[in-house]
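A.B. asks: First to last, the sequence lines map onto chains A and B.
For the first sequence, position 199 matches number 325 in my numbering, and the numbering has no gaps at all.
For the second sequence, position 23 matches number 523 in my numbering, and the numbering has no gaps at all.
Since the hints were made in silico from the structure, they are not lab data.
A virtual CB, placed ideally from N, CA and C, is assigned to each residue, including glycine.
Misleading hints may appear alongside valid ones.
[To be verified] Residues of chain A placed beyond 12 Å of chain B at every Cβ, according to the derived structure:
no.: 1; residue: Y256
no.: 2; residue: I453
no.: 3; residue: I577
no.: 4; residue: I620
no.: 5; residue: E628
[Claimed, not checked] With a Cα cut of at most 25 Å, we get these calculated SDA-like pairs of lysine to any residue:
no.: 6; chain 1: A; residue 1: K281; chain 2: A; residue 2: Q266
no.: 7; chain 1: A; residue 1: K560; chain 2: B; residue 2: V516
no.: 8; chain 1: A; residue 1: K221; chain 2: A; residue 2: M127
no.: 9; chain 1: A; residue 1: K654; chain 2: A; residue 2: G631
no.: 10; chain 1: A; residue 1: K347; chain 2: A; residue 2: M159
no.: 11; chain 1: A; residue 1: K398; chain 2: B; residue 2: N620
no.: 12; chain 1: A; residue 1: K565; chain 2: B; residue 2: K547
no.: 13; chain 1: A; residue 1: K405; chain 2: B; residue 2: R616
no.: 14; chain 1: A; residue 1: K405; chain 2: B; residue 2: N591
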Amino acid sequence: MRTIENAIIRFSGDSGDGMQLVGTQFSNTSAAMGNDISTFPDYPSDIRAPIGTISGVSGFQVNIGSVPIYTPGDEPDILVAMNPAALKVNLDSVKKGGTIIVNIDTFDEINLNKAGYTTNPIGTNLLKSYQIIEAPITKQTLEILKDSPIDQKTKLRCKNFYALGIIYFMYGRDLDITINWLKNSAKGNNDTVEANIKVLKAGRNFGETLEAFISTFKIEKAKIEPGRYRQINGNTAVAYGLMQAAEAAGLNLFLGSYPITPATDILHELSKYKHLNVKTFQAEDEICAVCSSIGASYAGALAATTTSGPGLALKSEAIGLATILEIPLVIVDVQRGGPSTGLPTKSEQSDLNISMFGRHGEAPIVVLAASSPKDCFHMAFEAARIALQHMTPVILLTDGFIANGAEPFKIPDKNQYNKIETRLVKDKLAEGEKYLPYKRDPVTLVRSWAIPGMAGYEHRVGGLEKLNEIGTVSYDAQNHELMSELRAQKIARIENYIPLQEIEGESSGDLLVLSWGGSYGSTHSAVKQLQLEGKRISLVNLRYINPFPKNLQEILLGFRKIIIPELNHGQLRAIINAKFHCNAEGFNMLQCRPFKIHELVNAFNNHLERL
Amino acid sequence: MNQKNQVPTYTKKDFVSNQEVRWCPGCGNYSILNAIQTTLAKLGKRKEDICCISGIGCSSRSPYYINTFGMHTIHGRAIGIASGVKIQNPNLSVWITTGDGDALSIGGNHFIHAIRRNLN
Numbered sequence: 127m128r129t130i131e132n133a134i135i136r137f138s139g140d141s142g143d144g145m146q147l148v149g150t151q152f153s154n155t156s157a158a159m160g161n162d163i164s165t166f167p168d169y170p171s172d173i174r175a176p177i178g179t180i181s182g183v184s185g186f187q188v189n190i191g192s193v194p195i196y197t198p199g200d201e202p203d204i205l206v207a208m209n210p211a212a213l214k215v216n217l218d219s220v221k222k223g224g225t226i227i228v229n230i231d232t233f234d235e236i237n238l239n240k241a242g243y244t245t246n247p248i249g250t251n252l253l254k255s256y257q258i259i260e261a262p263i264t265k266q267t268l269e270i271l272k273d274s275p276i277d278q279k280t281k282l283r284c285k286n287f288y289a290l291g292i293i294y295f296m297y298g299r300d301l302d303i304t305i306n307w308l309k310n311s312a313k314g315n316n317d318t319v320e321a322n323i324k325v326l327k328a329g330r331n332f333g334e335t336l337e338a339f340i341s342t343f344k345i346e347k348a349k350i351e352p353g354r355y356r357q358i359n360g361n362t363a364v365a366y367g368l369m370q371a372a373e374a375a376g377l378n379l380f381l382g383s384y385p386i387t388p389a390t391d392i393l394h395e396l397s398k399y400k401h402l403n404v405k406t407f408q409a410e411d412e413i414c415a416v417c418s419s420i421g422a423s424y425a426g427a428l429a430a431t432t433t434s435g436p437g438l439a440l441k442s443e444a445i446g447l448a449t450i451l452e453i454p455l456v457i458v459d460v461q462r463g464g465p466s467t468g469l470p471t472k473s474e475q476s477d478l479n480i481s482m483f484g485r486h487g488e489a490p491i492v493v494l495a496a497s498s499p500k501d502c503f504h505m506a507f508e509a510a511r512i513a514l515q516h517m518t519p520v521i522l523l524t525d526g527f528i529a530n531g532a533e534p535f536k537i538p539d540k541n542q543y544n545k546i547e548t549r550l551v552k553d554k555l556a557e558g559e560k561y562l563p564y565k566r567d568p569v570t571l572v573r574s575w576a577i578p579g580m581a582g583y584e585h586r587v588g589g590l591e592k593l594n595e596i597g598t599v600s601y602d603a604q605n606h607e608l609m610s611e612l613r614a615q616k617i618a619r620i621e622n623y624i625p626l627q628e629i630e631g632e633s634s635g636d637l638l639v640l641s642w643g644g645s646y647g648s649t650h651s652a653v654k655q656l657q658l659e660g661k662r663i664s665l666v667n668l669r670y671i672n673p674f675p676k677n678l679q680e681i682l683l684g685f686r687k688i689i690i691p692e693l694n695h696g697q698l699r700a701i702i703n704a705k706f707h708c709n710a711e712g713f714n715m716l717q718c719r720p721f722k723i724h725e726l727v728n729a730f731n732n733h734l735e736r737l
Numbered sequence: 501m502n503q504k505n506q507v508p509t510y511t512k513k514d515f516v517s518n519q520e521v522r523w524c525p526g527c528g529n530y531s532i533l534n535a536i537q538t539t540l541a542k543l544g545k546r547k548e549d550i551c552c553i554s555g556i557g558c559s560s561r562s563p564y565y566i567n568t569f570g571m572h573t574i575h576g577r578a579i580g581i582a583s584g585v586k587i588q589n590p591n592l593s594v595w596i597t598t599g600d601g602d603a604l605s606i607g608g609n610h611f612i613h614a615i616r617r618n619l620n
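The following block holds chain B by itself, in its conformation from the complex:
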């Protein structure tokens, strides 16, 4: 196996960025972020091949806190941007963090079309 394909062994710490997490004390987002970072370490994907996209809202801050490629975008549109990332480079593991308003209200249209298209 060539070196490029060998995925290093990661721990959760590899996916923690140097940014201060700014959620309210006690917020459920902390445990969600923790779970995502733990999962990414076990994903079997190289760190540089992971891309986290979010829209707007508290939870959508999460890409700043995850040490991969990522983009904090605009309200409701994470799905559109993530679709472009995935189509351009299907090798990437693309993650979307979104809140209820972001996904189902302002982004509702994109949400149903993303389900219909089923890109990955």
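Bound-form chain A, shown alone:
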């Protein structure tokens, strides 16, 4: 048994093979055993692509380690390929010298043809760089279950646990977590539970009998801060962050949403918490979803709407209304491949432009981005805090990768998140006082918030331009210019109420890597590697994009060159270059996945060499 720092494992099979399930089980077990982890579920958008085909391949990659883990890893050390299509799709990405466990029972003529193999690759030169373990997973599963009362179809569906058993053996994992999960998750169907447990153990035993041929590994516990941890993905973290903010503000949370991949899970999650004063409303479409949130906000909720690119486009007009109304509203955009329906289950960072500029008229709003699954909690809280304190819509950008990816999350101390002071007016107006809904705080330019039910504060708001302070309809040209300026200034001044930008590395040097949002795991790992090699490179990962942190310009001036890696065609780069005239260059990819660390290392090295 060899002790290693980390291991990257990819489970891959047909989309009905249960790869997401066993990947999640392996991750949960590893996290419970004290490893740091990062996961990357990667699945097709087809409900069920034809069985055995390339388009039906579903994968789940996880990186586990005794060292801090920031990404799901570049190249898997171990690939589990449940059929030829899974092998074909993933072969190029497996580390040379890595191990591939194939379900050899599926390598028949039909399945090989479906995957586009004219000859069986097993035993050929194609696989000579890898250690291939031919596991008769289907046959063994059926053999073990020959006396089980469950039907043949259900028996076959147990085979993913055989593969999991092999991996559990290789990494010395404890089977009990999965066994307990099985027992608790399928109450009343003991035969199926027993069958899965039997198959899991058989897979582990298969590994044991092969011990002479396969490597086994030990990964020590990661040195992590003491505290209570749970595993969390970005969508769940957004849900909890919004709930934390509602509690901190003393308001109830309202979510108006319409299902859309990959954001729907936030609606699912929040719909469980009616007893905690969360109201969820599944609207008939994206437009009604955001409108209901605007209505709820007007009536005094912390209101949010959750969506992805196509939905954000549909919400644009209503977000413009919220902008001129100046009411708090959180819009969470879980970015996916676009334009149009694009690649619903794949990740991209291509909604920055629509978030910044996707409204008619002069309509600046706040734009934030979360950097990792667990950071979604903090940034959802921040989005709500800024929306409530500055009476503005806030767009929080996450992406499919961090929304579905999971990592350990230290459950924050209750006192870690302070009370959010809202702009709600006091209960009663002073004698003879008249309420002016658009009178502003002179420092922040934020108006106050009076909600229906508050006697004496009756007032009308609307999409028409308002008379300064008073809020009644005004077509006056000077007033419109003033109001446009006040709305813009109000957003700009939020820079005084967000943290200064942190920098990883020296505050001056040769190359500054400027990334944003969900690219953080990859850029952090790549920059760290180059820093250890002695390169004068530093990293800034932006989470506050509009407005930018106050010290950003100063940071940019400290470097000979700036490179902006993003999963789009250079949206942040255009904004940075327009605002700071700094001639930053881009490194851009649109390949439906996060950056790989080695891709970034190569790109940064190229820039360093050209200096």
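For chain A, the structure is supplied; the task is to place chain B on it using the hints.
C.D. replies: Below, chain B alone, put in the same frame as chain A:
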């Protein structure tokens, strides 16, 4: 009965805002507005517990003219916004003013779903 629950006696005048009504002379909207204001006075609801929401069109100007809480929104979407108001605070008496295009053309989808949901 505590004071909070006592609804003051209102007259139509209590529901007239200080905004100049801008409809064409002879428009039927005047009598509709008049009827709404008269009804609100007799509703048995406190003024602050009434919320009037509208979309876009001539009739949708009406919230500006009614001295309660109110919101003039965007074309076709009054129903969505009013739904959010009502769900957030079921105690409110929520009114929607809408025209034919607003309700049945651009807002047709919201209209049928509002009927299906039957929030109040």
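A.B. asks: Of the hints given before, which are not true for this structure?
C.D. replies: 2 and 3
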